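Student: So the protein lines, in turn, are chains A and B. Residue numbering for the first sequence is 1 to 302, as defined by the UniProt record's numbering. Residue numbering for the second sequence is 1 to 302, as defined by the UniProt record's numbering.
Simulated from the structure, these hints should not be mistaken for laboratory data. Warning: the hint list may mix true and false statements.
Same chains, same label: a pair holds when it works inside one copy or across any pair of copies.
Claimed, not checked - Restricting the straight-line Cα-Cα distance to at most 25 Å, the calculated cross-link-like pairs of lysine-lysine (DSS-like) are:
no., residue 1, residue 2
1, K34, K139
2, K15, K42
3, K110, K257
4, K270, K110
5, K126, K161
6, K294, K110
7, K21, K42
8, K15, K240
9, K286, K139
10, K15, K126
11, K294, K34
Predicted model only: the values in this text are computed from it and were never measured.
2 protein chains.
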Amino acid sequence: MPQFNETELTEAVIKSFEEVKEPRIKFLMEELVKSLHAFVQKTDLTFAEWEYAIDFLTRVGQKCTPSRQEFILLSDVLGVSMLVDAVNHREREGATETTVLGPFYVGEHKVMPHGTDVSPALAGEKMFVQGRVTNLDGKPLANVPIDIWHADDDGWYDSQKPDYETAGPSSRGRFVTDAEGRFYFRTILPCSYPIPTDGPVGQMILALHRHPMRPAHVHFLVNAPGHEPLVTHVFVEGDKYIDTDVVFGVKQELIAKVERRTDPTMPDGKPAAAPWHLMTYQFRLKPGQGAAPKPMAVTEDA
Amino acid sequence: MPQFNETELTEAVIKSFEEVKEPRIKFLMEELVKSLHAFVQKTDLTFAEWEYAIDFLTRVGQKCTPSRQEFILLSDVLGVSMLVDAVNHREREGATETTVLGPFYVGEHKVMPHGTDVSPALAGEKMFVQGRVTNLDGKPLANVPIDIWHADDDGWYDSQKPDYETAGPSSRGRFVTDAEGRFYFRTILPCSYPIPTDGPVGQMILALHRHPMRPAHVHFLVNAPGHEPLVTHVFVEGDKYIDTDVVFGVKQELIAKVERRTDPTMPDGKPAAAPWHLMTYQFRLKPGQGAAPKPMAVTEDA
Chain A
1 MPQFNETELT EAVIKSFEEV KEPRIKFLME ELVKSLHAFV QKTDLTFAEW EYAIDFLTRV
61 GQKCTPSRQE FILLSDVLGV SMLVDAVNHR EREGATETTV LGPFYVGEHK VMPHGTDVSP
121 ALAGEKMFVQ GRVTNLDGKP LANVPIDIWH ADDDGWYDSQ KPDYETAGPS SRGRFVTDAE
181 GRFYFRTILP CSYPIPTDGP VGQMILALHR HPMRPAHVHF LVNAPGHEPL VTHVFVEGDK
241 YIDTDVVFGV KQELIAKVER RTDPTMPDGK PAAAPWHLMT YQFRLKPGQG AAPKPMAVTE
301 DA
Chain B
1 MPQFNETELT EAVIKSFEEV KEPRIKFLME ELVKSLHAFV QKTDLTFAEW EYAIDFLTRV
61 GQKCTPSRQE FILLSDVLGV SMLVDAVNHR EREGATETTV LGPFYVGEHK VMPHGTDVSP
121 ALAGEKMFVQ GRVTNLDGKP LANVPIDIWH ADDDGWYDSQ KPDYETAGPS SRGRFVTDAE
181 GRFYFRTILP CSYPIPTDGP VGQMILALHR HPMRPAHVHF LVNAPGHEPL VTHVFVEGDK
241 YIDTDVVFGV KQELIAKVER RTDPTMPDGK PAAAPWHLMT YQFRLKPGQG AAPKPMAVTE
301 DA
């Protein structure tokens, strides 16, 4: 006889998965149910709190559009995205640390010549970025495509702007390493910026008395054959939000000293208007396989 | 220095709640983060699984409309709704067991005279429902409003039908107990029915090789002054889905033997076309307070 009370309910839900053939799906569903039920029991969740949660999740889902993923944002601000990243990159063996892809990766970028200014039309102080890609032994990796993207001086990514379709990419590009594993380009110094606060996740952050800011950073996606694709950021040392990144993306090793320079030329010998900034970073890749991530889209209800 | 790796991340997210003043909200957020992080770590959740979860939750949210709450359905089929009900009704002291409200309660119904047929236009075998409302000592409670609602012979609630606005309520009504705490009405014998399977939750149920069926039942909401509002169902004994209710709503005590009768009159002395069915149930209420639940609506992003 059924008796779906507090004592027998969890077991009954788990039993309902007994026909699931795939062990991984069965395991995930069982752990999900155990975890949800333990949360309700530990917190003695009230009806009002449950209703609030139902309504909140509904609003998060309804805020999503083809260009806005509010559930990823929720995962980000609760540290879940970074934890998924962490459990999938446990053994670094000296390779560069990973961090989250973020919602502003739009897929493979157009290859540009080294030294290109990827932000020619933007206000802000100029920055020269130079990097090197090696394997774990420090041996340079040549012909490696590197996608880079970052926010502008007002905290917006190109893909967030209403004129993105017509204006085209900005602060975004792809470079391919030379025989010494080197690449370099010009852009502007990025600044810290808020995650979108006009949706339920932003409202939650503010209600929790958290700031919505991410410290200034440049995204890198380094994808060398025979090596694990590397998804990471390089953060600007000294940013006031570096200890309290709203999405918990910072790792010590990923913080770079960005030097303020007044030299009349940049490292490639071309003239510079002072002052400018220099970001230098070396990426060390781990041998392995794996497909580079793709941007996530909101799918239709199949 | 920040180091949001697997070891330090959970503590860092919890630390981000340090400015929250309300102890209950702080506690809930902390437990939520601990629970989510423990799930990711225990399952070594892959990126593909995380992306699937993000996409699934998004589709659940986008399926919600003013008349469709897919997140409640998700909560229901994972046993979460029943567990929330259970932890909020731990001490029954002999009072009638509770179960979930369900998504088809539309708010207070119109009072009808005892004996009214609430399903005059519907196909199906007739059923006479008679009940009594008492306190824990068995003393009758008079003038108590009782909302009742159930599905029709095809498994649909009136509020799910396209003509609901014009056709008005069906298999739905309110009765007020007499001096002996009694009430009675006519309707049709309800049948088992599937939860909606045209959305992501239905797809999940089918992918897990679960059936989507609820055993036949009548909903009751009994709301007596000075007593805890009682939200429950009475289930029809012998239903083939009674042991495997897709929302885990069944409790032994809530199963009623529904008798098949061939008498030419019903218990109120009025003539009946044979065969008909008799459902009898006694509701015992616990002293207490509390507002009766209200139907949930999809709110706008505030």
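Student: Run every hint past the structure and note whether it holds.
Tutor: Outcome of the hint check:
1. K34 - K139: neither (47 Å within a copy, 41 Å between copies)
2. K15 - K42: Result: close both inside a copy and across copies, 22 Å intra and 20 Å inter.
3. K110 - K257: Classified as neither: same-chain Cα gap 28 Å, cross-chain 72 Å, threshold 25 Å.
4. K270 - K110: Close inside one copy (23 Å), not across copies (83 Å); limit 25 Å.
5. K126 - K161: Within one copy only: 21 Å inside, 63 Å across.
6. K294 - K110: Within. Shortest intra-copy distance 15 Å satisfies the 25 Å Cα cut-off; inter-copy 55 Å does not.
7. K21 - K42: between (31 Å within a copy, 21 Å between copies)
8. K15 - K240: between (51 Å within a copy, 17 Å between copies)
9. K286 - K139: within (12 Å within a copy, 76 Å between copies)
10. K15 - K126: Classified as neither; 61 Å inside a copy, 36 Å across copies.
11. K294 - K34: neither (32 Å within a copy, 29 Å between copies)
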